[in-house]
Amino acid sequence: MTEPKPIQPFFNQYRYQIKSLCDTYEIGDDQICLINEEGHFLIDGTFLFLFIAFVEPDFLAYMCDRVFELFAHGVAVSDTYLVSAARSRLSSKVLTEISSYEEKSKQ
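In the numbering used here, each number is its position in the sequence shown, counted from 1, plus 499.
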């Protein structure tokens with residue numbers, strides 16, 4: 500398991516985005532982050548995607564791709580959903596043909 504990141508750099512790096520969200524959703528400074536009795540930080544869910552992007556920077560690119568799909572096509576779904584839907588709707592023969600086509604096109 501990786502070493503946990505300190506939380507203060509998150510607030511420093513994303514201070515403008517956090518302020519904008521606080522202003523939009525009327526979140527007070529005292530509601531952004533709390534510390535529970537066990538000493539764990541509890542960040543308001545409004546900042547979920549910002550925090551995930553801080554911890555895992557590749558997530559930001561993933562979210563940008565999904566938002567682009569949403570704007571360009573009017574809908575966005577996860578890769579997991581696509582695979583699940585394909586498995587339930589397409590025959591194994593069609594799935595095999597798709598896989599074979601993809602393999603041939605990579606060569």
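Please note: incorrect hints may appear among the correct ones.
Cβ-Cβ distance ranges computed for the label pairs, FRET-style [to be verified]: (1) 586 with 512: 18 to 24 Å; (2) 541 with 511: 30 to 36 Å; (3) 603 with 551: 32 to 38 Å; (4) 532 with 586: 17 to 23 Å; (5) 511 with 603: 48 to 54 Å.
By construction, these hints were calculated from the structure, which means they are not laboratory data. Just so you know, these numbers come straight off a predicted model, no measurement behind them. Built from N, CA and C at the ideal position, the CB exists for glycine as well.
**Asked** Hint by hint, which ones does the structure fall short of?
**Response** Violated hints (numbers, rising): 1, 2, 4; every other hint is consistent with the structure.
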